Each structure stands twice: as C-alpha cells, then as structure tokens.
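Engineer: Listed below are the residues making up each chain.
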Amino acid sequence: MSFEEQVDELERTVMSEKPFFSRPGGKIFIIWLILSVIGVLIGFYAPHHLLPAMMSSTGTDVFKTVVVFTVLAAPVAAFVYAVGIYSLIAWRHKGDQDEPPEDGPPMHGNGPMTVVWLVVSSLLVVVLLVWGLSVYMAQQVSHPNTLQIDVTGRQWLWTFKYPGTGVESRTLVLPLDRAVEFNVTSVDVTHGFWPVALGNQVDANPGEVTVIQTTPDKLGKFSVRCSQLCGLYHAFMYSSGSVVTPTQFSQWLQAQGVPPALADRTARIAR
Amino acid sequence: MVADSNLQVDQTDVGEEPGGDDRARPLGLILTVVIALAATVGIGAFFWSQTYQSPSGTQVAQSAGTAVVNGVTMPHVTLSFQSYPDANGSVNGVAIHPAGNPSWPAFGMTNVFQVPTHALVTVTVSQYDSGGALNNPWFARVRGTVDGVATVDGKVVTAVDPNNVGHTFTVRGTPGTDPGFFLNVPLPSVGGENQTDVGQHHTVVFSFVSGSAGTYAWNCEFPCGTMVAAFGGPMGAYGYMSGFMHVV
Amino acid sequence: MYVTTDVAPRLLEDTPLGPEAGGLYRRQNIWTGLGFGVFLGFVAWLISHALLQGSNWGSDMVVTVTMVAWVIGFNIGMGSFNAPIRWALGHDQTHQDELYAAGVGQGRSRYLKFCTDHKVVGTQYLVLVLVLFGVGGTLAMLIRTQLITAHSSFLSPETYNSLVTIHGMCMIIATIIMVSGPFTNFIMPIMIGAKDMAFPRLNAMSFWVVVSAVPCLLATFFLGGVDAGWTTYAPLTVQAPPAMDAFAVTIITFVVSVTVAGVNTIVTIITMRAKGMTMGRLPIFTWGSMIGGGLGLYAMPAFLLVMTLMITDRATGTSFFVAAQGGSGWLYENVFWVMGHPEVYVILLPPVAAMLEVASTFARKPVFGYKVVVASFAAVAGLSIMVWAHHMFTTGWAPDLGGPFMLTTELISIPTGVIFLSIIGTLWKGRIWTRLPMYFVYLFLWNFIIGGVTGIYLSDVPADQYFHGDMFVTAHFHYTLLGGAMIAATAALCYWFPKVSAKMLNERIGKIAFWMIAIGIQITYFGCSGRGSKECPVVWRTTTRSSSMPTRWPPVAPTCSCSDGSCSCTPCSIRGATGSRPRPTRGAPRPWSGRYRPRCHWRTSLWIRW
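Chains as they are written, first to last, in the working numbering: chain A, 1 to 271; chain B, 1 to 248; chain C, 1 to 610.
Treat each hint with caution, since some may be false.
[Said to hold, decoys possible] Each computed SDA-like pair below joins lysine to any residue, with the alpha-carbon atoms no more than 20 Å apart: (1) A:K221 - A:P52; (2) C:K511 - B:T32; (3) C:K429 - A:E99; (4) C:K429 - A:E5; (5) C:K371 - A:E99.
[Stated by the list, open to error] Counterexamples of contact, computed for chain A against chain B with all Cβ distances above 10 Å: (6) K27; (7) L50; (8) V67; (9) L72; (10) A90; (11) G95; (12) N110; (13) T114; (14) H143; (15) Q155; (16) W156; (17) R178; (18) G231; (19) Y238; (20) P260.
Calculated directly from the structure, the hints in this document are not laboratory data.
Given the structure is predicted, the values throughout are model-derived calculations rather than measurements.
Yeah, the Cβ is synthetic: ideal placement off N, Cα and C, and Gly gets one too.
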C-alpha cells in the first residue's frame, strides 16, 4: 500500500465515525443537491423566456432539446460548482495570506473516481446522441403534400417564390399544419436563411440549392433573418413571415393575382 | 553557453530586497488608466469625426392636405431630395459634405427625413448621377409604392432598365418599426459614364403610404461606391448612400 | 534593477566577447528592421505598381506583393536570416557570434533585437500579447459602443464590419500565442532542464515574424477594411477591398511563425530533457505545450493554404471559391474549419495545462490524475481534428454527415470532463491558498462550465439549426475562449510573473481587476446569450429596437462596454504593480514555495536584468 493510499485509508477511517452529513462528502452532496435543483428549475423556466414562442415542429424540437439538455447538464455542472464552493469554504487557508499554508494530502489520483466519472460522462453523451439523432432523423422524413417554396437571398433581402403560382413575395406566408420545404439559394454571396420562430435555418449558397423542411403548427407572425454576414446592410436583411389558415393562405395568393381555383388548389382547399 | 544559468540551483535565497517598498505607487496606476482612457476616447473621437452628420438636419415633410388611398382618408405630405454625382454639390453649388469626400456620390441636401405615420407621402427625386448595371436586377422594379408605379420625367413606369440605373431609394421595415414595410424605387441614370455634372437630371415622382412609427433605414442598392465590388466608400459610409426616415 | 542572484550576470559579463563578435547582428535592431521592411515594401510597391497598373487584379497583386516584401524586409533587417545566409555563403556563425546573438553584454537593448535567448523571446512575446489584447479589446469596446442604442450611427457599416473582423483575428492571433509564446518559451525549457529551446534562432525568428504580421493586420483599416467577418467566408471576400489581401498575408505570416514555434517546442521537449526528466515526469504544463503545439502543426497550415487560395482567387483570377466560375464556397468553409476547430484547442490546451500547475501549487497538492489528464489532452487533440463540420451544420453541405459530426463533437466532452475532474480533484482536501492566481482558477471553473453547457446545445444538430449564427454562439465561444482560455492564461501570468520579472504583482490592484473582469464577463455574455437566443445575428451593425440589448436590459449595454474595458485592466494592474519599486517576495525566488510544487524551474536562478 502506497503512502497516499495509507493516508486516504486513515482519513476514511477517521471520517467515517462522523455522520454522513457532517463529512465533506455529505456537505458537498447537500450543496450539489441544492444547485442541481436550481439548475433543473432553470432548465424548465429559462427557455420560456430566452427562446421565442416556437411556431413549428422543428421549433418545438429545439425547445424540448434545450430543456432536456439543460436538465441533464445541471447535475454535472452542479457537482463541479459544489466541490468548488465547498473547497473555498472548508479547505481555504485562513490566516496570514503571505505565509504559504502547509501541504495538502499527496493524492495523485483516484482510479475508481475517474472510472465513475468517465462512465457517467459517457452515458450522458450516449443519451445526448440518441436524443439528437432521433430528433434529427425524424426531421429528415419527407411528408406528402409538401408545399414547396423557393427562397432566394440577395444583397440585401429575401424573396420567396411559390412555384406553380407565379407569386414572388417579399414576405413569407405559410399555411398552418402543412409541411413546407424551402429550397434556398443565393444570387450573390452566402446568406443564412433563418426563419427564427420556425427553429430551423440553412445557408443560401450561390450556385447551390439547399433544402430544409418544417411544419408550422401555430398561427402568428415571425421574422426571417440573415444569419451569415453578407455585406454592408446585412443587419437590415429582414423579412416578416406569418402562419395563416389555409383559407387565408388562398386569399393571400388571390391578392397576389393568382386565379381563385389555382390558389385554392395550392392551398389544398376542397371547393 | 548563456543559459547555463538556468541550472544554477539557487542556494542563497536572497530574501528581502533592501528598501523594498510594500506600498503600491498609485501614480503609475492612475497614469496607466488615464492614458488607456485617453487612447480609447481618442480612437472613439476619431471614428466619431468620421461619422456623417447631416449638415441640413432633418427634412420634415411638407403637408399637402389629405388624400384618399384605397378608400382610406389620410394626411398627404410631400418630400423632395436629389441624388448627385459629387457630394460637393457642383450641380447647385452647395456642398452636401463640406468636410466629407467631395468626389463621392451622395443624396442631398439631407438624407434624414421625417414623415407622419400612415400618411400618403409623395416624393420627388431629382437624379443627376450617371450609373450602370445593377448587381441584382430585382431592384430595377418599382416596389411598395401606391399602385406599384413611379413617374419618370412624366412617364408612368413599373420598372426601369436594369442596365441603366443611377441609384435606388430602398427603405426596409424592421422589427420595432413596421416589419412588413418595403419600398424600392430605382432612379434611372443620366447619360453615359462621363455625362455627369452637367445639370441634366431625371425627375422621379412616387407616392407611398408610410407605416407605423419608428426609425426606418434606407440605402441605395446600386453599387456606386469604391473598391472592387463598388461597395466601399460612399456605400459604406454614413450620409452618402444611406440614411434614416423617421416616422412619427 | 533587482537581481535575485548575481551568479548568472557575472557569468555573462565575464564572457569575453571580441569586438567582431556578432558581425551584422551588432548593427541590427528593430529600427533597421522597420527601415528595411518599409524600404523593401516601398520598392516592391513601386515595381508592382508600375507593372500592374490598370490590370484587372492590379490592386490586389500590388497589396499582396508589398505586404510580403515588408514581411521579408523586416525580418532581413532584424537579422532573422543572418545565420542561414552566412551558412549558405560558407562561413558559419562562430561561437562568439552566437553568444552575441543570445544577448550577452547588451543590457536592455536586446529586447528590441533579434535575441536567441529563450527568456528574452518569452518576455518579448508577453509584451506583444498584452499589446494585441489592448488593440483587440479597444476594438471590442468600439463594437459595444455602437450597439448601445438601436440605429446608432456611431460607426459606418463598413467600419463596423471591419472592426468585427479585425477584433476577431487580432484576438485569435493573441490567444494562440498568449501562453505558447511567453510561457512555453520562458518557463518550459527551465522546467525540463534544457539550456534553451532546441532551435534558438528559429525561436527568435518566430517572434519577429509575428511582429511583422501585426502591421499588415492593422493596415487593413487603411486599405478599405476587411468587411467580411472574422471567418472571411469566400464569396463575400471576393467583393472585399484590397485590405483582404493584407489580411491574408497576415495570416500566412502568422502561420509560418506558429508552425516554426510548434516544431521548436516539440523538438525541445522530446530531445532536450535533463537526465531523469522522463516523459512520465514532465510537468503537466509541458504536456499541454507539446500537445497544443503539435495540434497547431496539424491545424494552422490549413489556414495558410486557404488564405493562399484566397489571394490567388483575388489577385490572379483563379476561382477556387467563386461559385459563378465553378468554384465552391463550401470548399473554403471546409478548409477554414479544418483549421478552425483544432485551433480552438491550440488556444485552450496550453493555458489549461498551465492552470493545472497553478491549481496544484495553490491547493498544495499534486495534479490529480496526471496520466489521465495527459491522455485526455491527447484525446482532445485527436478528436478535435474530426469535428470541424459542426461549424457547418447549417451550411447545407452534406446534411448526412450531421450525425457523425454530432458524435465526434459530443465525444470530445468526455476528455474535457476529465480535465474538470482533475481540477476539482486537485482542489479536493487541499489547503486552498487564495492568492491572485487562484482567484483566476476559480473563475475559469465557473466560466468554462457555462461555456461547456452552452456548447452542448450547439453540438446538437437540430438545436444548432436554431442557434447557429446568433449572439448565443458568440456568448458560448467567449465563455470558453475569454472566460476559459484567457482567464487560465491570466492565472498563469499572475503565477509566473515573479519568475519572469523578479517582482510580485500587486495583489490589491489585481483583485480589483479580477472582480471587474469576473462580473463584466458574466453581464456581457449572459446578456449576449439571452438576447442572442431571441434572434440576434452575430454581426449586427445596428440592433433593431426589439432585439437590442438596451430595451430589455437597460443597464446592460454600458456595463458590457465596461467589462470589456475591465479585461484591459489586467495589463493595467501589471503596470501598476511594476510601477512600484521591485518587491521580492519572501523566500525569493520561490514565491509560492511548498513541498508539492516540486517544479525545478522555481529553484533555478534568475538573471533578469531590466
């Protein structure tokens, strides 16, 4: 048995005579518990205030992911903070700060602790990965009756074309509860197509068409931003968007000059 | 070798330096902070001096009674401004930018406008500058005006030749203003490359309905600046090819 | 002038140097460097201007040629190439020349010369890093000032975008060399018992090459500004003014320096350890330096490559990245991030390793899990070269690779977690001595956890497709690189400052600076992440009213500026401390003495003469 193991053994024997919550481990456990609870509460509370009200399937995925990941990360972060706080309270060298304290116990490591740490963090990674992949895979599934919209970025605005109707609009209007596929491209430099509350984005690359899809599931207005620096007036590259009922969508198409029959067909309304 | 000294194990432990001063000298610290602040303020002042201050201040739209647009009665106001090839205003003899770069094109006499909310605004632009082809022909169409038209020298148009555009007057709504607001009016160019400064101009007249209150930014979408892609100089500096429209 | 021991200076003074020793070195200093650099740059400008005037790509070619000529001229003038040229001419340097080049008998002036002494090079690097932080911090404050109000017209769009770019690159250059420059050069050879670095002349050259890159970077402001963001994504950079070429030359020059320094570090550690200093006994900082340097050798050449292609695209009309002519912006993005992600760990590993030394010293305990930590450093380095495409989840390039890159990105959190375990294990039952360096260790712990947790969301493809490109990401990487790496480097600076200067830092002033930094970072980047997660793209000249910080956080914006300013207070506190009379600590030259700080570098003598 090495010297440090003997010291540890001795310390363990001495410590074990005290009740659990009087020992450092017990006190750290209490701090950890409190911090974890705070972290988990933040995980449930903060996303409502930090994220916009999500209006689509992908947006809801983002919201759920943020909550789940925060809740999973909270105990780990809380453990590090708990040890840090406790070390400052209990193990701090008091007295003359100009005088160096005595040396601490010569612990060079702790095999079991390291193994536990590795196993726990690996398990967490597996959980994150499974969650992330399942959400990602689900987003890749293509839906029938998808509404196609051609998005074009240019310095410095977005335009949206509704194929088959001849409509080109500067605002993005989407029907409720209908999968929509954005075919995104750019005519000059790289832009970032970011319909914010839809919780999805993809770059608009010149000469390439990139595709994302989502299903709007709440009525309301949202904004469309450019998320990739694209020159002088990048900050003003902005469009407003709205999610409307299919009837309103058809009316909007008609207001853009689409014949009523075609508008209704595009909006999938049975006459 | 020089660095042999690294391995000289110091056995002597010199200890206290005679006359070592335990108190911090505040002067050095204060001087450092003052110099750092002065440097920051100096750099800030430099950039501030580069910021364009519109010499003519804000142009408040002139009232012209009321108008009826799509069956809605609203106040009617008028605005007028010009776009010049030179910021020194050689056309009418008054410099737009006395302290700025006189050879850059600029909107004048001011580029900050004030219009009332939800009013019909009739704008008269005198376009004196030459031009060329737009990067994005999309901006050659008139968008966001009443009926989607503008009048160029008395002729009603919905678009101009994208290869002969002098500037555009493009206003965007943003969150905090009226997000859906958008106005784009292309201003056709005068003559060829060298036919500037001779007083010829196009008169472009258009009307639009202003949105809700806020500060709207406007800019020119025709790359008329310096450097490779002509986005430098007047395009990127305040007061030449961009400005603000206050809606109150 | 305070010298802790007089052995070394006497050694140097007593070394007889002939009047011929040094040769050309005798006439070279920073002024000849500047002079010759400007001269050669001017000549190159005249020639290229005469030849290329009026051609399509003229201005780009002229700027490139002028900048390259400046860099070469400056280094010729400094003496970086003396030895190889003399060797090529058949008369190698004599021992006396080498002694002269090492600074023997030159007093303070050797700090402004080509000096091969690793301690001089380390000190030079330290000053350069602080200057670069000052420049980058000032730019950050200007950015913050612009963002105080909605529709501020403080900075023009062009200036604002250029400031963002140069702030980014200035800070990246500074953070890459902030520990591997000063402390790897100064401390590492002493730690392993080497007389100097393996290649002292390359070492000095690596420093003066970085110095010559800095004017190129700042020259961009006078060449129209690089308004393409710090990532300088390709189609936009084709529109950029000739400043882009100066920017690319800066990067190329910098990469040359980092590569040379990385090779030097690795060779030194592998070949020049003292007897008994086996690899298993290397201080943890040495491992951090070596793995960080090695990772730099992998990562940085990609940056050189991509910037060279950028110059050829702009100055000679090739089209690697121009989609309209068959190129691809995705090519640029891929090569850039092949550099970009490992580079984060090139920045992070040396300071973290240095901070473990600090934690060990002030907890009066050995580093917890030494071998596991070294293994996790290696694992981080190995994984980091396989994660680059997580910066490209939203570019539309290869959506099918989202899963694999999500896997590698999340795997990297396991070895990073081990580093946390090591820190808290080192603190465990220690005798926590809360001197100034230890404050920064705790601040690192606080910030880096937040940086890590925010990173989890960004590693997840669906969540990243929301967060990408907004202020949340800005907050995340400032928490890791400023709150993590730079704070760890500050801990190292406070810890080793007595070793470098034979003076103690003023702790009172240092603690004031500490609290300003600590609170400033939290306010700035909590604000950032809060606003950012509600649609605030990174590079915003003008925040619009609904998403500007001031509306929802009235006191935040001014404070944000202050916090960035507070970071600049660290150099201030150092200046304040050094402004006072030299204050040797008790038991000098071993100010933090103790049994489990068995680092021989504290026991070796100092020969600092200011």
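Engineer: Once the closest CB in chain B is found, is it more than 10 Å from A:K27?
Structural biologist: holds (38 Å)
Engineer: Would you assess whether A:R178, listed as outside the interface, keeps its beta-carbon beyond 10 Å of every beta-carbon in chain B?
Structural biologist: holds (22 Å)
Engineer: Using Cβ atoms and 10 Å as the threshold, tell me whether A:T114 really stays out of contact range of chain B.
Structural biologist: Fine: 35 Å to the nearest Cβ keeps A:T114 off the interface.
Engineer: Sort out whether A:E5 lies within 20 Å of C:K429, counting only the CA atoms.
Structural biologist: holds (14 Å)
Engineer: Given the hinted pair C:K511 and B:T32, is their alpha-carbon gap at most 20 Å?
Structural biologist: holds (17 Å)
Engineer: Quick one: work out the minimum CB distance from A:G231 to chain B and report holds if it exceeds 10 Å, violated otherwise.
Structural biologist: Incorrect as stated: the minimum Cβ-Cβ distance to chain B is 6 Å, not above 10 Å.
Engineer: Would A:L72 pass as off the interface with chain B, using Cβ distances and a cut of 10 Å?
Structural biologist: Per Cβ check, A:L72 is outside 10 Å of chain B; nearest 33 Å; holds.
Engineer: Please confirm whether A:N110 is truly not at the interface, meaning its C-beta sits more than 10 Å away from all C-beta atoms of chain B.
Structural biologist: Answer for A:N110: holds, closest chain B Cβ roughly 33 Å.
Engineer: Far enough from chain B: is every CB of that chain over 10 Å from the CB of A:V67?
Structural biologist: At about 26 Å from chain B, A:V67 clears the 10 Å cut-off, so the statement holds.
Engineer: Over 10 Å to the closest beta carbon of chain B is the bar; see if A:L50 clears it.
Structural biologist: holds (17 Å)
Engineer: Does the alpha-carbon distance linking C:K429 and A:E99 stay inside the 20 Å limit?
Structural biologist: Measuring from Cα to Cα gives roughly 19 Å; hence the hint holds.
Engineer: Any Cβ of chain B at or closer than 10 Å to A:Y238, or is the non-interface label fine?
Structural biologist: violated (5 Å)
Checked against the numbered hints given earlier, the structure breaks hints 5, 15, 16, 18, 19 and satisfies all the rest.
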